Amino acid sequence: EAQVTQNPRYLITVTGKKLTVTCSQNMNHEYMSWYRQDPGLGLRQIYYSMNVEVTDKGDVPEGYKVSRKEKRNFPLILESPSPNQTSLYFCASSLGGTGTYEQYFGPGTRLTVT
Amino acid sequence: SQKIEQNSEALNIQEGKTATLTCNYTNYSPAYLQWYRQDPGRGPVFLLLIRENEKEKRKERLKVTFDTTLKQSLFHITASQPADSATYLCALVGGGSYIPTFGRGTSLIVHP
Numbered sequence: 085e086a087q088v089t090q091n092p093r094y095l096i097t098v099t100g101k102k103l104t105v106t107c108s109q110n111m112n113h114e115y116m117s118w119y120r121q122d123p124g125l126g127l128r129q130i131y132y133s134m135n136v137e138v139t140d141k142g143d144v145p146e147g148y149k150v151s152r153k154e155k156r157n158f159p160l161i162l163e164s165p166s167p168n169q170t171s172l173y174f175c176a177s178s179l180g181g182t183g184t185y186e187q188y189f190g191p192g193t194r195l196t197v198t
Numbered sequence: 005s006q007k008i009e010q011n012s013e014a015l016n017i018q019e020g021k022t023a024t025l026t027c028n029y030t031n032y033s034p035a036y037l038q039w040y041r042q043d044p045g046r047g048p049v050f051l052l053l054i055r056e057n058e059k060e061k062r063k064e065r066l067k068v069t070f071d072t073t074l075k076q077s078l079f080h081i082t083a084s085q086p087a088d089s090a091t092y093l094c095a096l097v098g099g100g101s102y103i104p105t106f107g108r109g110t111s112l113i114v115h116p
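Protein sequences appear in the order of chains A and B. Numbered as in this note's numbering, the first sequence ends at 198 without a single skipped number. Numbered as in this note's numbering, the second sequence ends at 116 without a single skipped number.
Take these hints with a grain of salt, some might be off.
Calculated cross-link-like contacts (lysine-lysine; reagent style DSBU-like; alpha-carbon spacing at most 30 Å) [unchecked claim]:
(1) B:Lys67 to B:Lys21
(2) A:Lys102 to A:Lys153
(3) A:Lys153 to A:Lys141
(4) B:Lys7 to B:Lys59
(5) B:Lys7 to B:Lys75
(6) A:Lys141 to B:Lys67
(7) B:Lys7 to B:Lys61
(8) B:Lys7 to A:Lys149
(9) A:Lys141 to B:Lys21
Quick caveat, the hints were computed from the structure, so don't treat them as lab data. Predicted, not measured: the structure shown is a model, and the values here were computed from it.
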């Protein structure tokens, strides 16, 4: 089944404790991206990648890191999480090229930082 | 700065009526405009795309229009059903990036 998977789905952690949220897609998509979603603010882009070893900042990259060493994986790293990073996070992928740029979203990771 | 506006107030309609949602944008020249549906706690799901040179696109009960002069897209659901209740997001693709930028979404509630 074509899908984007994220792990963990739920995470409660404490301020300053490094964490990684994994994202993997099995559709051989070129583009991958991370969004956070907060009430009243909608989906905001954190980082995106248009190819292996190519990443770019989105609208709200502060406090996050990403890497794209393989085409299928795009982990999101919080080196020192803070309470303002409490949010619902989505990973997405798309085919790229001259298609529809349809984004396929993962199920989301709900992160709470205390 | 680039801005995408969707009505933040929920749209309440009766079953069977046509729902119309609006997406306006400023300081943007999108090549594509997409519409997604999002259910609570779940990731958005792609519905339709319309290109800058297209005026209208249809898919089953859905219809999207795109007016690049007004910088506006309208999203219509005809013969609406309670199962159509969800948040609908518009997203713009263009400006050299192929990753969409999303609006905040409008909640649609269809009453039986």
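Problem - Numbers of the earlier hints that this structure fails to satisfy, in rising order - result: Hints 6 and 9 not satisfied by this model.
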